[in-house]
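Residue numbers (UniProt numbering), protein chains in the order written: chain U, 1 to 698; chain W, 1 to 698.
In case anyone wonders, no lab produced these hints; they're calculated from the structure.
Since the model is a prediction, treat every value here as computed from it, not as a measurement.
All C-beta atoms, glycine included, are put in the ideal place defined by N, C-alpha and C.
One should not assume that every hint holds.
What the hints assert, rightly or not - Below, in silico cross-link-like pairs of lysine-lysine (DSS-like), each with a Cα-Cα straight-line distance of 27 Å or less: (1) W:K28 - U:K347; (2) W:K347 - U:K81; (3) W:K347 - U:K28; (4) W:K28 - U:K403; (5) U:K28 - W:K403.
Unchecked claim - Residues from chain W shown here face chain U by an in silico Cβ test under 10 Å; the list is partial: (6) S24; (7) L108; (8) D110; (9) A152; (10) A173; (11) M181; (12) E224; (13) N228; (14) P230; (15) R253; (16) D334; (17) R451; (18) V540; (19) V608.
2 protein chains.
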Amino acid sequence: MDGEIGSLQRLFYPRSIAVIGASSDPGKIGGRPIDFLKRSGFEGRIVPVNPKAATVQGLPAFRSIGDAGQVDLAICAVPGKFAEQVVDECVAASVGALVMFSSGFAELGDEGREIQERMAAKARAGGMRMVGPNCMGVATMSTGMVATFHPAFAKVETLPRDGRIALISQSGAFGGLCVQMANNRGIGISHMVTTGNEGDVDVSDALAELAQDPNVDVILIYLEGCRNGPGLIRALEIARANRKPVVAVKLGRTEVGAEAAQSHTAALAGSDAVFDAMFRQFGVYRARNIEEFLDIGCALSIGGLPANNRIAIVTPSGGVGILMADEAEERGLDVAPLPETVQRRFKELIPFAGVRNPLDVTAQVVSDLTLFEQALELVLTETDFGSVVCFLGAATNDPNHGKVLLESWDRVRAAHPDRLMIAPGMHPPEVARGLEAKGTYAPIEPTYGPRAVAAAWYFTQSFANAVDRPAVTAGSQLPKGQLNEIEAMDVLGAAGLPVITERLAKTAEEAVTAAREIGFPVVMKLLSPDILHKSDIGGVKLGLRDEAAVHAAFAAIMEAGATVADARIDGCVVAPMVSGDGVETILGVTIDPTFGPVVMFGLGGVLVEAMGDVSFRVAPVDHMQARAMIDEIRARKVLDGVRGAPPSDLGALADAIVALSVFAAAHADQLVSIEANPVLVRPDGQGAIALDAVVVTK
Amino acid sequence: MDGEIGSLQRLFYPRSIAVIGASSDPGKIGGRPIDFLKRSGFEGRIVPVNPKAATVQGLPAFRSIGDAGQVDLAICAVPGKFAEQVVDECVAASVGALVMFSSGFAELGDEGREIQERMAAKARAGGMRMVGPNCMGVATMSTGMVATFHPAFAKVETLPRDGRIALISQSGAFGGLCVQMANNRGIGISHMVTTGNEGDVDVSDALAELAQDPNVDVILIYLEGCRNGPGLIRALEIARANRKPVVAVKLGRTEVGAEAAQSHTAALAGSDAVFDAMFRQFGVYRARNIEEFLDIGCALSIGGLPANNRIAIVTPSGGVGILMADEAEERGLDVAPLPETVQRRFKELIPFAGVRNPLDVTAQVVSDLTLFEQALELVLTETDFGSVVCFLGAATNDPNHGKVLLESWDRVRAAHPDRLMIAPGMHPPEVARGLEAKGTYAPIEPTYGPRAVAAAWYFTQSFANAVDRPAVTAGSQLPKGQLNEIEAMDVLGAAGLPVITERLAKTAEEAVTAAREIGFPVVMKLLSPDILHKSDIGGVKLGLRDEAAVHAAFAAIMEAGATVADARIDGCVVAPMVSGDGVETILGVTIDPTFGPVVMFGLGGVLVEAMGDVSFRVAPVDHMQARAMIDEIRARKVLDGVRGAPPSDLGALADAIVALSVFAAAHADQLVSIEANPVLVRPDGQGAIALDAVVVTK
């Protein structure tokens, strides 16, 4: 399903559109796109194909697609049983892209899936891209290209405005609804794509293409599932490289939702926690609902990104200012105190104003509107804060006040074009649009100001820290099944994970030799694939300080092993007795059905397990992502040293995560899971070391 | 500031309103309320008071309030320096309530505060209530009583609709803004009260009064701080007893916000964590921002409360349905599978529909609008689910479809009046208002449906579980300062907290006697107020199994104590050696500046401390609230038993919390803090016991 980049040009910018199954009835699925296209400003050729009519809705009709001359984009609006024939004919006619409304394929079961796959294969073999089947189509608003039957495009008066936000949705209903809701809020879109069953073109293909489209600034994606995780990651990397923020709604945050999503879509759901981590890893902002989806998309398309996370808040209401400060702080922005100079000069203007940040212009602004401009000028000239949120209250409700404010806003914007400025307020729609046309997002809800700044700051960081994923070369063959403890530690040690030295001893003499090489004191453990709880039967001996103790321990361990009927005994593990300060952590690897090898990090101990306090990333990860994983757990503070403990060696821990992730990626085909537990993270400068590990291969 | 209930009747329902400092200029603060009242439908007497004019804005004016006949409510719109005289005159004229716009009091410092307190005292002594100073006034929409100068009430066309939501705000700007935003969304209000400096009437007074007003269904409160925590709790208890949901915005969720709030308002901020816990304890729903504040308030005023937490979701878009299911699940609702019968019968209607829950009416609903009604009827007849959220998509955008849908909705509602029904959708405003008039909340954003159901379910529970707070009688005198370990355990033991038996021994013989009574093995510890880390100097001996060991330990401990210069040595503590299974927890008490004695619960251990994973309640608490505290910590699962550990005795733990909370409330005046740590919670049926405690008194 990974198309070549650029191969969707004829889909998004066709010069001619054929409708196969064209209907004279503008209410029918085969009639709607023609009806829409006639009134949407599309300047290309509209080509109805209908063997039974000479004209359709006033346009000359063709008997077949083969007769219709060059066609960039064809819409298939015939019943499902005729769809495969349409594919054949379109390929023969060198159509560039086919949008298939027809349904009755993978969504109905295996038989339909087979036909769908055959159609997709034929299309690809013939150099044609196919969107759908079972989709609601595609639209490019800058050209009026509305190859869709969704009612959102039915009327000229309510036709979506041309904007710079592309919307890609697996669901046609969801996509259309978002277009309508965006329209309702005065938000324009550049494209809508609904991918339906994703026989050929999937969300990743559309994303990769639109991320390189100069008409697109922001991309909104709606996902129910994902069949091709690596493809999605590749597309996200293209978007990041092109500095196009991606905002996502993904279903299945909860177990109930995940279950419903799984049954609703044919795609594998995978683990939502992994999906969520992947979003953070590749710089996707995940929205909770449609409101946030559109709001953040809109804000990003208007305002640019802040240079730093310091935010100034200007407000005519102390209370609303603090509400915004709470929101900003909670979302990781820095509501830093304004410099003394700013505070002093503003106190001169309004003696009783709050000036630390938020800057409170007070109700006095009602009698002196210039206070807004004075406050903004002070803040923007005297600080390098990356963003300013200025709540305008109901000031713009009075047309005269609104005019004055907009003029002053223009002056401020012109003087400080590099700042992110947001102006929430009870604006009449025309004022909001006026502000937005000049690069100032203007929501009603004041806290959406800091929320939007936080989202923009997220992308500033994401674009600056583009992941430099470590190189991975195919790994060597691993032993099959569950590796024994020594094999596991050997393999991970070879992969660059710091591990303790463990030796296998089959005799007491070998054990003594091993202990001497390792250095006393040592630990000895029974090595047997058949005995799980070795300490319960006396199969573990700690703190062995000399050769005599090792001798005795070997005998005792072998004896203990012999008490278990039918257990294979492979000998004894001799390992150093590790002591000293440190925090016990767990590093793990699992294979996600969607994204493949995934690395996991958490603290050791029952409490963390009970809370599921772990973080994930798709392997491999670089050092920066490994640090992000460490920072993400709720118990993060423990690694800073609590109750007088020293701070942990986070660099070494991150290196261990990177090494494990590279190993996991290199051996993804062979692995079932890895758990290095515990990994002791020592005080800063002293490293981290895995004390035990389980590696399971296929 | 606690007025008697009922004493604000003349404030909210005056038959006559005087404006002192009445202005002929309808743009001035002293002119606006007259201008507003003339056009707001107020049928009572409007009485301008102005010594220099015979008429004001066409109404006969009076020289002084004393000449004006009976006045229920007076507005003071004169400069601050004349305000105190106005209070005197109003008291003399038997005015019922005075709304003081004038500013320049507590908000400017101590001098202003003094005058403000004097005015409040005079008012109270004279039987008059005072709102403000420094407030924006009061309004009752059912009578057009707009005693305010906020521009939200300036125009007849945009006058707030009469509704059943009361809005109480410490900030005038915030209150007025909320009224405007509510108006913008078509939400009506019953009252607006802005309390300003709260010289006399505070949020609690207004809340207690409006909670008993038959015109009020829901109360929204905006708090920057609170001077009188017990008063607020009393008012919340009245609201709960009257089944009036209270929704709050409170500033200071973050440290930055709390700091800003502290400097913005004269009120003590207290701890936000305690405030938040108090909200949960007394059934207040805390909103994050103005959008949620108004949305939840609106939903509650329209829809009633659900009988249980089972929610059915009906949707024409599978994706939106799952998005709503995710939201419902995450907010603690039960998206339970629909009964087999419902699923089967719906499958007969639409073979390929998702029917488990959400129930997906699919795009087929476009051609057959009755599917909505059929789905709803099935669900409501065949289940007892407390609520149904039915997303209507853009169906009501077509006027004909809208009409059909509203008619079918009426039928369904009439047949099932006891259910909570919410119908999100892209409704034209008149459709939304139509649905809402018939008891169906109709937001645009689909996830606001389950969010509103969750809020309503919160109140169902809160009203059912009204707190029966344990009786508290004034406690006996405690020793002053930091109690020694034995005193602390004695005091808490007497309070009903299960504690281990500890004995003081001043000689080896006393130690042996004590050990014999306690039973071997015992622990012995040095008792000294001057030595903190007793084990470091050898002042703690564990596992003493016989008399000889106790003898030896006493000598060793005394010797260890003697090595510390100038330390007072009070003897030796003899205590049982506690062993066996259990989870270590911490119970604590602090005195909050706003709410007084507060009880705290958390697990023991460094990890919990690092994460601040503790819960709070205002003391005293009953058993149910204690259980809620236990359930609230993130590490809650540990108490269920992880890794094969048995479940803990939660009943005994809750009893211990209750006992401690009652003790704290009884001794609030004397206490500084208590920490019982560890409190060992044993497996179910085996109780909980405090092993050590620190009690600090004043």
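Checklist entry - Once the shortest beta carbon distance from E224 (chain W) to chain U is found, is it less than 10 Å? => result holds, 6 Å
Next on the checklist: Does the closest beta carbon of chain U sit nearer than 10 Å to the beta carbon of N228 (chain W)?
Outcome noted: It is violated, given that the least Cβ distance between N228 (chain W) and chain U is near 19 Å, above 10 Å.
Next on the checklist: Checking hints one by one. Is L108 (chain W) an interface residue toward chain U, by the C-beta closer than 10 Å rule?
Outcome noted: holds, 7 Å
Next on the checklist: Next item in the hint list is R451 (chain W). Is there a CB on chain U closer than 10 Å to its CB?
Outcome noted: Status holds, d = 9 Å.
Next on the checklist: Given A173 (chain W) as an interface hint, is its Cβ closer than 10 Å to any Cβ of chain U?
Outcome noted: holds, 4 Å
Checklist entry - Any CB of chain U closer than 10 Å to the CB of P230 (chain W)? => result violated, 24 Å
Next on the checklist: Quick check on D110 (chain W) please, does its C-beta sit within 10 Å of some C-beta on chain U?
Outcome noted: violated, 15 Å
Checklist entry - Would the pair K347 (chain W) and K28 (chain U) pass a check requiring their Cα atoms to be no farther apart than 27 Å? => result With a Cα-Cα distance of about 26 Å, the restraint between K347 (chain W) and K28 (chain U) holds, given a limit of 27 Å.
Item to check | D334 (chain W) as chain U interface residue, shortest Cβ-Cβ below 10 Å | outcome: holds, 9 Å
Item to check | Minimum beta-carbon distance criterion (10 Å), M181 (chain W) to chain U | outcome: holds, 6 Å
Checklist entry - Is the straight-line distance between the alpha-carbon of K28 (chain W) and that of K347 (chain U) 27 Å or less? => result Cα-Cα ~26 Å, so holds.
Item to check | Proposed proximity, K81 (chain U) with K347 (chain W) (alpha carbon, max 27 Å) | outcome: holds, 23 Å
Comparing the model with each numbered hint stated earlier shows that hints 6, 8, 13, 14, 18 do not hold.
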